[in-house]
Structures are given as structure tokens and as C-alpha cells.
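K.L.:
Sequence:
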Amino acid sequence: MLAKTVEAPLALTSAGKRESGRYLPSLDGWRAIAILSVIIFHDAQPPRLGPIQLSAVHTYGGLGVDLFFAISGLLIVSRLLDEERKHGKISIKGFYTRRAFRILPPSVCYLAALLALKPFLHIAVNGREIFSCLVFVRNYAHELGESSSGWYTGHFWSLSVEEQFYLIVPGLLVLARTQRRRLAIAAILTTAFAAWAVFGHYVFPGIYTALHYGEDSMRRTEMRVHGIFMGALWALLLRWNDVQRWVKAAMRPWVVFAVMVLSAFLLLKLQLPRLTLLVLLQLSFSCLLVATITHPKSVTSRILELAPLRFVGHISYSLYLWQQLFFYLGKGADRGPSWANQWPWSFLGAFACACVSYYFIEKPMIRMGQKAISRLDQRSSKSLVACDENA
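Under this note's numbering, the letters of the sequence shown match residues 261 to 651, in that order.
These are calculated hints, taken from the structure and not from any lab test.
Check each hint, because a few of them may be wrong.
Said to hold, decoys possible - Computed cross-link-like contacts, DSS-like style, restricted to lysine-lysine with a CA-CA straight-line distance of at most 25 Å:
hint : residue 1 : residue 2
1    : Lys631    : Lys353
2    : Lys349    : Lys631
3    : Lys508    : Lys557
4    : Lys557    : Lys353
5    : Lys529    : Lys346
All chains should be built: construct the whole structure from the sequences, respecting the hints.
P.N.:
So, in C-alpha cells, the structure goes:
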């Protein structure tokens with residue numbers, strides 16, 4: 261049996277600050293690793309770091325998206341639980357207000373820039389692509405009569421998976437009022453979606469055969485959302501004393517990383533199906549995140565909190581949006597447009613646009629969202645006072 265929930269559980273922020281005397285390790289370093297992996301993956305040639313050629317990162321850097329998924333599940337659910345502990349409830353309206361001000365403005369600006377630049381830079385993008393991005397269903401391009409290969413909006417598939425996850429989880433936390441019920445539901449959903457990712461194409465071969473079991477099927481929510489649920493499941497597990505004690509004793513970062521690398525090597529040798537490997541790697545990512553969070557004084561955690569990594573982590577969302585304009589994953593003669601993959605201009609352009617987006621769009625809109633939530637809270641309080649006076 262699990263012990264009672266922790267009175268002062270591990271709280272998670274993305275700024276590595278101290279709060280209530282408790283050290284809160286940053287996740288920005290992991291965000292930086294995730295986005296840099298994606299950028300290197302999208303570069304046409306393996307880049308060099310001095311004499312070192314980053315061939316492995318160029319080959320497997322797309323897994324940075326799955327690291328983002330694990331971070332999202334862990335962070336979002338932890339923040340909702342912290343809100344409930346502090347205020348006695350989870351505000352669904354507040355959650356979606358924060359998400360709207362956080363996610364929509366940068367993405368709308370990026371899409372608007374694509375349309376504005378289309379006639380000048382010959383950017384291949386159409387109205388249906390833009391619409392599917394705005395309503396976050398880009399990962400179901402096949403059902404919309406589109407191919408997921410539309411490069412400049414193709415990366416919205418992962419944002420779509422996350423937003424669809426956000427449609428479900430806050431409501432489940434509110435409906436399942438006890439931690440045991442929440443833990444049971446999260447465990448069932450994580451297991452179910454992971455099993456579907458591995459066996460779904462055998463159960464319903466017609467759906468995935470039509471998609472050639474390729475990138476279109478790999479980007480569908482039911483095939484990838486288990487990666488976010490794994491992070492969410494850990495967020496719930498870390499509310500228990502026994503789990504925290506066990507993690508601190510057994511899951512040191514270097515141990516988890518060594519086991520992950522060794523397991524990946526052995527599983528590749530076994531030539532397991534691609535999605536089976538992906539499920540196991542996603543589980544490893546979530547465990548690695550938890551290991552560093554619960555060991556904030558470890559060498560790994562201290563490296564992750566270095567200022568350059570934290571800065572890249574801060575701008576990672578805008579950088580993820582804009583890098584798609586400057587990098588083109590081309591093969592052979594398909595090198596993409598002339599401005600893409602031109603070192604160092606592609607990196608400088610992506611980072612410059614990301615910084616502009618972060619400082620002039622993201623941060624101001626986040627502050628505006630916080631003010632909107634404050635006004636909503638004030639109105640709710642006034643309504644309650646009026647009801648009490650009229651009772």
C-alpha cells in the first residue's frame with residue numbers, strides 16, 4: 261500500500277527557483293536538449309561541434325519531440341496538483357486561459373508570417389494546412405485530405421498531440437477527486453495507449469495500412485500520447501512518500517541513463533518494431549526526468565541548470581516553431597529552399613526569430629493571461645460575496 265500523499269510534494273517549475281524553502285530543479289535544461297536535438301535532426305547534414313561530428317544526434321534527434329512530451333505531462337499535471345493543494349481546487353477556466361495565452365499567440369504569428377512570406381520565398385503552404393494547425397488537428401492530416409509532409413506546418417503535429425491531451429486531463433483530475441482514483445486512471449490510460457501504439461495496427465489493420473504505417477500513422481494522437489501520460493503518471497506517483505523515497509534511493513540520474521543506453525543498444529540488436537522501441541524509449545525519458553528532478557544536487561542536474569541551457573529552454577517553444585522555416589530535412593537532391601541549412605545563417609535566423617517571438621510575443625501575452633485570470637478570480641469572489649449577501 262502507498263503511504264499518504266506528501267504534505268509538501270516536489271513542486272516543478274521551469275525557472276529553477278526556490279519556493280517555500282524547497283529547491284525546485286529546472287526543466288529548462290531538458291527543454292534545451294530536446295529542441296537542439298530536433299534542430300540537428302532537421303539539418304541536412306550532421307553538424308560538427310569542433311572535431312566531433314554529431315551523426316548520432318542527426319539520426320535520432322527526432323526523439324527530442326518525445327522528450328518534450330514527457331516534460332509536458334510531468335510539468336502540467338504537477339502544476340495542476342500544486343494549484344489544487346494551494347487553492348483547494350483546480351480551475352478549468354484558469355487552465356485553459358493560461359494555455360490559450362501561452363500557446364496561441366506565438367503559433368498564430370508564425371502561421372501569419374508563413375502566409376505573408378509565401379509569395380516572396382515560394383513557401384509551399386495552403387489554407388487547409390493553416391486551418392488544421394489553428395485547431396490543432398495537424399496530426400490527422402490524412403483524414404483532412406492532406407499529407408503530413410507539408411514541411412513548414414508539419415511540426416504542428418506534436419503541438420496537436422499535446423493540445424488534445426490538455427482537453428482530457430484537467431477534467432479527469434477534477435472528476436476523480438482522490439489521488440488513488442487519479443493514479444488508477446492515469447495508469448490505465450498510459451497502459452492502454454502504449455499497448456495501442458504497439459498492437460493497434462494489428463487490431464485495425466485497415467486504418468494503418470491505408471496510411472502505409474509510416475509518418476502519418478506515427479503522428480496520430482493514439483500512437484504517441486502515451487509519452488505524455490507517462491510524465492503525467494510520474495507527476496501523480498511523486499505525490500506519495502514511499503515513491504519519493506524509493507526514487508531517491510534507486511533512480512540516480514547516471515544509473516537511469518546507463519540503463520537507458522544499454523537497453524536501447526540491446527533492443528536495437530533485437531530489431532524490435534519501431535513503435536515498440538519508441539514506447540520503451542519514452543518510458544526511459546520520463547524516468548530520466550524524474551531521476552534528475554529528485555536529485556537536484558547531482559552533476560547531471562547542475563549541468564542542466566547552466567545558464568546557456570536554461571536560456572535555450574526558455575525560448576524552446578518559439579524556437580521549435582521558427583526552426584522549421586530555416587531547416588529542411590532533405591535527402592539527396594531534395595535540398596529544400598536556398599536559405600535552409602546554410603550554416604551559420606540558418607541557426608542565427610532561427611534563434612533571432614525565436615528571441616523576438618519570446619520577448620515580444622510570448623512573455624507579454626503570458627503576463628496578459630495572468631492579468632485575465634486575476635480579473636476572473638476577482639469576479640468570482642465578488643459573485644460569491646453577492647450570493648452570500650442575498651442568501
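K.L.:
Could you run down the list of hints and mark each one as holding or not?
P.N.:
Here is how each hint holds up against the structure:
1. Lys631 with Lys353: holds, 14 Å
2. Lys349 with Lys631: holds, 19 Å
3. Lys508 with Lys557: This hinted pair holds, its Cα atoms lying about 12 Å apart.
4. Lys557 with Lys353: violated, 37 Å
5. Lys529 with Lys346: Roughly 48 Å separates the two Cα atoms, so the pair is violated.
Hint compliance for this structure: hints 4, 5 are not met, and every other hint is.
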